[in-house]
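Enquirer: Please build the complex by placing chain B on the supplied structure of chain A, with the hints as guidance.
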Amino acid sequence: MLLWLILIPVIAAALIGLLRMPGRATALAAAAIMLILGVGAVLCPTECSDCLSTFCGVRLQFTLVSSISKAMVLLAVLVTFAAVAGTRAPSPNAERSWTISTLLISAGAIGAFMSDNILAFYGFHELALIPTFIMIGCYGRGDRRTIAWTTTVYLGLASMVLLAGLLLLCAQMHAWTFTDMAASVYAGIRPTTPCLIGGLLLVGFGTLVSLFPFHTWAAPAYASAPTPIAMMHAGVLKKFGLYGLFTLGLVFGPYCSQIFGSWNNLLLLLLLGNILWVGYVTVSQTRLDDMLGNSSVMHMGYIFLAFAAFIAADGANELAMNGATMLMLAHGLTIAMLFLLTGQVESQTRTLELDSMGGLGRKLPLLGFLFGLAGMASIGLPLLANFAGEYTIFVSCFETWTPGASPSPECCDVLRGISCWLQELCLVGAFFGWIIGGITWVIESISTLFGGLGAVQVTLVFALWGLVISAIYMLRAFRAIFEGDIAHTSERATGLSVMDIIAAGFLALFIVLFGIAPQLIMNL
Amino acid sequence: MIQNLPWLFLVLPLLVAALDWVFFSKCPKTAATLSILSAAATFGLCIAYLAGLQTGLSDVYVWMPTNTDALDLHLGLVMDPLAMRMMLVVTGIGLLVHIFSIGYMKGDGSNLSRYFAGLSIFMFSMSTIVLADNLAMTFIGWEMVGFSSYLLIGHWFHKASAAEAAKKAFITNRVGDFGFLLGILLTLGVFGTLTFSEMGNVSGAVAPTLLTVMVICLFCGAIGKSAQFPLHVWLPDAMEGPTPVSALIHAATMVAAGVYMMVRLQVSMGTEIFTETACLVITTVGAITAVMAAIIATQQDDIKRVLAYSTLSQLGYMVMAVGLLAGEAAMFHLYTHAWFKALLFLGAGAIIVCCHHEQDIWKMGGLVRRMPLTVLCFLMGTFALIAVPGFSGFFSKEAILDAAIVDHPVFFWIGAGVAAITTFYMTRLCLVAFLGKARAHGAEHAHEAGATMVLPLLALAAMAIISGYGFVADYLVPAEGFTAPGFHFGCTFYVSLGALVLGLVAAIVVYGWGKRERDPLAGNFIATALRNRLYIDAFYDKVLIGGLQNCGARIIEFIDSALIRGLLVQGTAWLVGRVGILLSWLQCGSLRAYACITGLGLLLIIVIIAL
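Note that the protein sequences, when read in sequence, are chains A and B. Quick note: the first sequence uses this note's numbering, first residue 118, plus one each step. Quick note: the second sequence uses this note's numbering, first residue 1412, plus one each step.
Just to be clear, a hint being listed does not mean it is correct.
As the list claims (entries may be wrong) - Cβ-to-Cβ under 7 Å is the rule here; a few derived chain B residues that face chain A:
1) F1589
2) L1593
3) L1596
4) V1624
5) I1627
6) K1774
7) F1936
8) A1964
9) V1980
Hints are computed from structural coordinates only; laboratory data are not their basis. Backbone N, C-alpha and C fix where the C-beta goes; we use that ideal spot for every residue, glycine too.
Excised from the complex, chain A in its bound form (with noise of 0.2 Å):
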């Protein structure tokens, strides 16, 4: 049964460019089946294991057991549904590409969501970029080919890297499935070289998913894709490299901290420059597009957050992790969301510029209540999605913490020898070196005030601020679009079709309805 999730929408594309099959139709069948089919494989666990023995040398086995992997594949259907659903191409053979490719990202996605073998995990997200890829190159705004090369060249050398962090991890635990991995872990086999191999798939996962400072990628790849790939990549396929990084430490458990733990505090730092320098990044931004592109990286910060309480934790905090498929879910639904609705923003008033729009609100008021909602839900707002992952993570931080355990963050030691040694390197360093001493400083009594805070919680204290920036940027947008006078952009506004209300509807739903009730996904 799991196989035919990743078979159907392979067979659909099939029939769409091989038989010209009528595109929107025929992808939209094969949704339909995908979402029956994925939520009753999610629903019941009891099947969840189809094995195609050997292919190709490689024992191929797809499994649906772990939580994370549950709700990514859920997540997936879900979008895939209202990618094609909610989408319409400018012309037939596009319509025909477009749809050939929403499919084809989503069955690798499902693949490598499904994946015990690793190096099929890996494999299935390569064959889902490489659509990406060409519909960025071929039906993008602006700068498309640049920006299709630049995505293609980066997100490839960012996959080598992972592949060589995989490949080295599989042949010293002598595993190439995750569950033969836990099994080794069980047996006793550790990595010899956990350290290098942690930078690896650090670097190889973290820049797959915008981890600052790899994150100037997505944001004009976002904003260039064709609306269903803008959908299908940071709504789905971006959750790759967190699934790995996660479903790594589920593996590892108590054990995956001699992996990453080493890189925690540099990840800490990198993971404040996601929330806070792509934050502001975010709000200077004035294009609708754009906009969204980076507030996706930053929302990638608090994911972060939660896989480095889980890692400083060793492994034992459950509570991380939860939150993090929980966001994950929520905000795979609501950048899909919100992209859908920049599609049918563009198509009503045929510019993204924030200057150049106003009071579509008034011309469209449904618009404006989805695109609230979805806003709203992206900046936290309980009753949606979101708030119940970010909440989850929030006190996920500080499981671990009791008043005045630890006197001053480990972390601080190490960069007040960083900065001693720069201050005596020479005049620039210097520079650099008070800097740095200054940070330590900071960290230090901010630890020191709030009783002995660890460096997860000194981290959480900037990352909290996030929610502010989060409010600022999208509650200007809406303003910015909906709201005041009308613009002459937005009098060209003619109304939403019957496709277009119920595929933003349709997410609208489960983001309403995972926010009333997160036990149904924490629970998985």
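Expert: Chain B in isolation, oriented as in the chain A frame:
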């Protein structure tokens, strides 16, 4: 079944909001009826509970299950007198405002279904705050009231000013929530739980600094929601919303949520958790807000803005009381203030509607002859606000001053001074707007408002007069075992009487009996500063938002695109390309060159091997 009944307080309004918004967006009458019915039902339920149907806790639901009990996000309702009597204030004023809204919003072209859906969302979220049995649930309500406030301030979102005000309110509140959420997490660390009833004992030895920081962080939430200095800037702007909304949300209930939350924490954590430093910070913030808002109010011309600054100032009183650890006095003032301030706002709303949407008091005048009933009700509210002995505000203000007089004489005199200024600006408002002759067209044609507007005013006026006396207050003030203080002729009485007389005389001397055409105090630099809200908003706009945030964001954006995307990413690509071009020279296609390179390579290998 019966213990699940209290959930109706939350479920009913939420359901109605969803129905209004999604299904009845085209039929405003049905939407309004549903909202009013739900408000009436919750009000009735509240009275039933207060009359003794049931007290205690209701069932607890696990909303977000986790592996450990302490971290689960529970939904539970606390039904003690503090919560239930607060609910009475919320649902009572809520019901009156719902009814008033029918008259006020009649003939308004905007989407009334959205308006009533917003009111219902507000009723839901405010009830969540009041009934929450743990801080996480409070936070949910906290964010949701912020959202409903955003929705209702921006109800006329086609007006740029309303849209900006809504955005400002939400973001300013988020700044406060930043601290509040941090405080919640610290509370979780210190107490190991977020449930109010389990906050009895501190886990392990906790440094007093940590407690101070924790309390101040939690107080940040109150600073945002209750619009205390320095986050007070959103409240005056929030007057862009429809006036009934200002009455319900931005005067009577939501802005008092911060005070309620702090008192709830004092009750459940115990006052010893509130360290001396923390209390001093809280009291000082309250005092600054009270003074600053009162003096700004003296130079406002918009009737709603005068009332908005007066709300700020009164909230300052309540926060001072919280800081003085006089939670009972704070709740007493919250309760009386809710009635009389709702009355003042609804009265102002009636006046605004009848003067054809004129809000400038200098364009009113002579209203006492044209709409006597409304003006009379407004005066009752004014008397309560300026603490005329015998009116409700008098008793509660005296309770706060009493709390300060012994240990904190500074705050006592600040409170007394603010009382004098309050009398001054309210007397100014009444003299200018009600006496003399009409100064503009709108006021000349003013007439008494309809029944849906006058009846709520009468009900509130009655409460403004009697709610301070024992026979009402003992049963309704949101505090455990409250007994009304009644009259006692001590130092506080004479000081507040003196403040009252001082303010009255000063206002009458300056503004006469409504004969003046302009404000005689306007023009000098102090008045200009007050009219510009002491330049605090301008400072935030220009320096913090325009300068620090936007320029900072632009610089960061520039570095991001120039350094990271440009130099590092594109630069690497460029470098790789150049190296490729450089190396491509080696592949020149000339056989002689290849032979030469091969020879050199061979030589190199031989040399290496030989060495």
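Enquirer: Does the CB of B/A1964 sit less than 7 Å away from some CB of chain A?
Expert: holds, 4 Å
Enquirer: Let's test the interface hint: is any C-beta of chain A closer than 7 Å to that of B/V1624?
Expert: holds, 6 Å
Enquirer: Given a cut of 7 Å on the nearest C-beta pair, is the interface hint for B/F1936 held or broken against chain A?
Expert: violated, 34 Å
Enquirer: Against chain A, with CB atoms and a cut of 7 Å, does the hint on B/K1774 hold up?
Expert: violated, 26 Å
Enquirer: Can we keep the B/V1980 interface hint, with Cβ of chain A closer than 7 Å?
Expert: holds, 6 Å
Enquirer: Hold the hint about B/L1596 up to the distance rule: shortest CB distance to chain A must be less than 7 Å.
Expert: Because about 5 Å separates B/L1596 from the closest Cβ in chain A, which is inside the 7 Å limit, the hint holds.
Enquirer: Using the nearest Cβ pair, does B/I1627 come within less than 7 Å of chain A?
Expert: violated, 10 Å
Enquirer: Hint B/L1593 vs chain A: min CB-CB distance below 7 Å?
Expert: holds, 6 Å
Enquirer: Close enough to count: is the Cβ of B/F1589 nearer than 7 Å to one in chain A?
Expert: holds, 5 Å
The structure does not agree with the numbered hints 5, 6, 7 stated previously, though it agrees with the rest.
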